[in-house]
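A.B. asks: All chains, full assembly: derive it from the sequences and hints.
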Amino acid sequence: DTEVTQTPKHLVMGMTNKKSLKCEQHMGHRAMYWYKQKAKKPPELMFVYSYEKLSINESVPSRFSPECPNSSLLNLHLHALQPEDSALYLCASSRTSYNEQFFGPGTRLTVL
Amino acid sequence: GQQLNQSPQSMFIQEGEDVSMNCTSSSIFNTWLWYKQDPGEGPVLLIALYKAGELTSNGRLTAQFGITRKDSFLNISASIPSDVGIYFCAGQGAQKLVFGQGTRLTINP
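Going down the list, the sequences are from chains A and B.
Letter by letter, the first sequence follows residues 1 to 112 of the working numbering.
Letter by letter, the second sequence follows residues 1001 to 1109 of the working numbering.
There may be inaccurate statements among the hints.
List of simulated lysine-lysine pairs, DSSO-like, C-alpha gap at most 30 Å [stated by the list, open to error]: (1) A/K53 x A/K41; (2) B/K1096 x A/K9; (3) A/K9 x A/K22; (4) A/K36 x A/K9; (5) A/K36 x B/K1070; (6) A/K53 x A/K38; (7) A/K18 x A/K40; (8) A/K41 x B/K1051; (9) A/K18 x A/K38; (10) A/K40 x B/K1096; (11) A/K22 x A/K53; (12) A/K19 x A/K9; (13) A/K40 x A/K9; (14) A/K41 x A/K9; (15) B/K1096 x A/K53; (16) A/K40 x B/K1070; (17) B/K1070 x B/K1096; (18) B/K1096 x A/K36; (19) A/K53 x A/K36; (20) A/K41 x B/K1070; (21) A/K18 x A/K36; (22) B/K1096 x A/K18; (23) A/K53 x A/K19; (24) A/K19 x A/K36; (25) B/K1096 x A/K22; (26) A/K19 x A/K41; (27) A/K18 x A/K53; (28) A/K22 x A/K36; (29) A/K38 x A/K19; (30) A/K22 x A/K41; (31) A/K53 x A/K9; (32) B/K1096 x A/K38; (33) B/K1051 x B/K1096; (34) A/K38 x A/K9; (35) A/K19 x A/K40; (36) A/K19 x B/K1070; (37) A/K38 x A/K22; (38) B/K1070 x A/K38; (39) B/K1051 x B/K1070; (40) B/K1096 x A/K41.
Hints listed in this document are in silico derivations from the structure and should not be mistaken for laboratory results.
C.D. replies: What follows is the structure, given as structure tokens:
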């Protein structure tokens, strides 16, 4: 298995909802990442997990809560989001946090 | 945060033409990466460069890691319609990628 998968593909949520994004890889990678991407911009790093531990939080608001249950899975829990949080959310993984990253297809999130 | 200078921002070419884009940085990187992103999809890794001066090909794509470790270019030869998309360069930093702003490639058939 040589890919990163993300579910769901699309998500529409209200500002009072709680939802979660899921990311999975079975390449034996020990680093996983969450990015946020707005239209016509490069991906913007949110969180880095290395060996299942959070190693970087790029000052992300607490309404985004990451979780790494095991070395293959990465979740992003969403609560009380704002319309400006609407974006493409990308997950990536790499062998270690110093190696090239492979991206998933993304989740298109719309906050109403 | 730190960003790479990627140019051009956009290109409009005819099918069959060659394409060249580049990235420069004020900082040294030990790895340069080139990604392609189609609309609504995640970036796909095209080429990874690990050594200063390295020239690497992947089909019609050729990329070079600048000798100063502060720049890289990507060439696409004989462009075809499926080359349309946004191309991002990225420098591998400490646990982070630093991205360029992207080059949007449009091809007229």
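A.B. asks: For each hint, tell me whether it holds in the structure or not.
C.D. replies: Here is how each hint holds up against the structure:
1. A/K53 x A/K41: holds (28 Å)
2. B/K1096 x A/K9: Holds - the C-alpha atoms of A/K9 and B/K1096 are around 25 Å apart, at most 30 Å.
3. A/K9 x A/K22: Judged against 30 Å, a Cα distance of about 10 Å means the pair holds.
4. A/K36 x A/K9: holds (14 Å)
5. A/K36 x B/K1070: With Cα atoms ~26 Å apart, A/K36 and B/K1070 stay inside 30 Å; holds.
6. A/K53 x A/K38: holds (27 Å)
7. A/K18 x A/K40: With Cα atoms ~28 Å apart, A/K18 and A/K40 stay inside 30 Å; holds.
8. A/K41 x B/K1051: holds (28 Å)
9. A/K18 x A/K38: Holds - the C-alpha atoms of A/K38 and A/K18 are around 21 Å apart, at most 30 Å.
10. A/K40 x B/K1096: Holds, at roughly 20 Å.
11. A/K22 x A/K53: holds (17 Å)
12. A/K19 x A/K9: holds (13 Å)
13. A/K40 x A/K9: holds (19 Å)
14. A/K41 x A/K9: Holds: A/K41 and A/K9 sit about 20 Å apart, inside 30 Å.
15. B/K1096 x A/K53: holds (15 Å)
16. A/K40 x B/K1070: holds (24 Å)
17. B/K1070 x B/K1096: Given that 30 Å is the threshold and the Cα spacing comes to 16 Å, the pair holds.
18. B/K1096 x A/K36: holds (14 Å)
19. A/K53 x A/K36: holds (20 Å)
20. A/K41 x B/K1070: holds (22 Å)
21. A/K18 x A/K36: holds (18 Å)
22. B/K1096 x A/K18: holds (29 Å)
23. A/K53 x A/K19: holds (22 Å)
24. A/K19 x A/K36: Roughly 16 Å separates the two Cα atoms, so the pair holds.
25. B/K1096 x A/K22: holds (21 Å)
26. A/K19 x A/K41: With Cα atoms ~25 Å apart, A/K19 and A/K41 stay inside 30 Å; holds.
27. A/K18 x A/K53: It holds: about 23 Å lies between the C-alpha atoms, which stays within 30 Å.
28. A/K22 x A/K36: holds (14 Å)
29. A/K38 x A/K19: holds (20 Å)
30. A/K22 x A/K41: Holds: A/K22 and A/K41 sit about 23 Å apart, inside 30 Å.
31. A/K53 x A/K9: The given pair, whose Cα atoms are some 26 Å apart, holds under the 30 Å limit.
32. B/K1096 x A/K38: holds (18 Å)
33. B/K1051 x B/K1096: holds (18 Å)
34. A/K38 x A/K9: Between A/K38 and A/K9 the Cα gap is close to 16 Å, so the pair holds against 30 Å.
35. A/K19 x A/K40: holds (26 Å)
36. A/K19 x B/K1070: Status violated; Cα separation ~41 Å.
37. A/K38 x A/K22: Since the Cα atoms of A/K38 and A/K22 sit roughly 19 Å apart, the hinted pair holds (cutoff 30 Å).
38. B/K1070 x A/K38: It holds: about 27 Å lies between the C-alpha atoms, which stays within 30 Å.
39. B/K1051 x B/K1070: Distance of about 12 Å is within 30 Å: holds.
40. B/K1096 x A/K41: The hint holds at about 17 Å.
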